[in-house]
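Chemist: Using the sequences and the hints, build the whole thing.
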Amino acid sequence: YQVPDFSLIDIDGKEVTLADFSGKYALLDFWGTWCRYCVMGIPEMKEYYQKYSDKIEFVGIDCRETQEAWKAGVEKYGLEWTNLYNGYDQSLIVEYGIQGYPSKIIISPDGKVVEAFLGEDPTLYEKLDEMFGE
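At position 62 of the sequence shown (counting the first as 1) the number is 62 in my numbering, and the numbers step up by one without a gap.
These are computed hints drawn from the structure, not numbers from a lab.
With a straight-line cut-off of 30 Å between C-alpha atoms, the simulated BS3-like cross-links for lysine-lysine are:
id: 1; residue 1: Lys55; residue 2: Lys24
id: 2; residue 1: Lys127; residue 2: Lys46
id: 3; residue 1: Lys24; residue 2: Lys51
id: 4; residue 1: Lys14; residue 2: Lys55
Distance ranges between label pairs, derived from CB positions:
id: 5; residue 1: Glu134; residue 2: Glu68; range: 38 to 48 Å
id: 6; residue 1: Ala19; residue 2: Glu115; range: 19 to 29 Å
id: 7; residue 1: Glu134; residue 2: Lys76; range: 29 to 39 Å
id: 8; residue 1: Ile9; residue 2: Tyr77; range: 11 to 21 Å
id: 9; residue 1: Glu15; residue 2: Tyr88; range: 17 to 27 Å
id: 10; residue 1: Lys24; residue 2: Glu75; range: 20 to 30 Å
Beta carbons: idealized from backbone N, C-alpha and C, even for Gly.
Modeler: And the structure:
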């Protein structure tokens, strides 16, 4: 199904929408620095970002914390991909059917859900290898 557009701010305060990624694959990662499993999954996310960042756009969407905590986390963990702030707004969470954290959703170039993954799920990385691996 088609996912709803969003408009969130990035680390520099610039507005970013889902439409900005149209025409390419995107991996939306709904997370927070307070989420132990999200943080535990960062090394593997980094590994796959290095591997496939030319084929799929990684987009971290931070939820349920202050901007200060988010910015500190992005810096502390050295997250190089696009990082957006959702904060305490529930509308996007409801629209995307987020049931827990982390939630990762692969979006196709035409804005449809390819597959969604709840929690630190190794099948996400298998799917990325299947889609983009040599």
